[in-house]
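Engineer: These are the residues of each chain, in order.
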Amino acid sequence: MGAAEITTLITSIITGIAKVTKVTREALAKSLEDMAADVRKGGLIPDELLAKVEADNDRLNDIRDNLPD
Amino acid sequence: MRHTVFALSLTLLTGCAGAYKTSYVTGAVTKQVATEAYNPYSELFNDKLDECCANDACNPESPNVITKTQLDECMGPAYEKATHDKIETASKAYYEIAEIHTSVMKSVDASPEEMKAVTNELVASAIDLIALLPDGDKLVAKLKMLIGKK
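Listed in order, the protein sequences are those of chains C and E.
Residue numbers are given in the working numbering: position 3 of the first sequence equals residue 3, and the series is strictly consecutive.
Residue numbers are given in the working numbering: position 133 of the second sequence equals residue 133, and the series is strictly consecutive.
Pulled out of the complex, with its shape left as it was, chain C reads as follows:
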């Protein structure tokens, strides 16, 4: 096998890998969206956690602020 053939082979493989990687990453990103939807149904999204923490803190503050020192 000559140097030109090896170069062509390597180029083809790298191009192929780049395409497969891109497709794979895009597919994974899409599946991430699907999984994020599942996670959302289970209430596992961090913004929902933060909202719950803030709601609890607001409730405590609303009560506590009205109490005498």
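Honestly, the hints are just simulated from the structure, not real lab data.
Only true hints are included.
To be clear about the criterion: a stretch of chain E counts as covered by chain C if any three or more of its residues have a C-beta under 8 Å from a C-beta of chain C, and this derived list gives those stretches:
hint: 1; region: 52-60
hint: 2; region: 81-90
Partner residues aside, some chain E positions facing chain C, computed with beta carbon under 8 Å:
hint: 3; residue: 31
hint: 4; residue: 34
hint: 5; residue: 35
hint: 6; residue: 42
hint: 7; residue: 46
hint: 8; residue: 49
hint: 9; residue: 65
hint: 10; residue: 66
hint: 11; residue: 67
hint: 12; residue: 71
hint: 13; residue: 94
hint: 14; residue: 108
The model shown is predicted, which means the values in this text are computed figures rather than measured ones.
Heads up, the beta-carbon is just placed ideally off N, CA and C, and yes, glycines get one too.
Put chain E on the given structure of chain C with help from the hints.
Structural biologist: Structure of chain E alone, referenced to chain C:
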């Protein structure tokens, strides 16, 4: 030569996919553990608040009204205002890094190093948060076990 090139390419591809998968799974597990850790705390926190405010004790117009200090004492160290303020601060930090983690994981251009770094930050901030909850040590140990972190 051809085999070497193929093997190298395959290793590179597997490495990239592996980094993505590891970061994704670790992130998802961390987010799940963090939320699942807070939910029971929230229930107990609200139950405790109801208990402390029983008999009109949190009504400023009531003769049974208690003071701020008495409420703190009734809530106990795990649920009092100072602790919950720390939890809220940790939750905000965790939320911010979780948002960054999600966007990095969705990004097609993110490098494996970038994914790993943001995942480590996510795990660290989740640990900071859940360590503040009752039985925080056990929860941290559980998270570390699930994600295979020592």
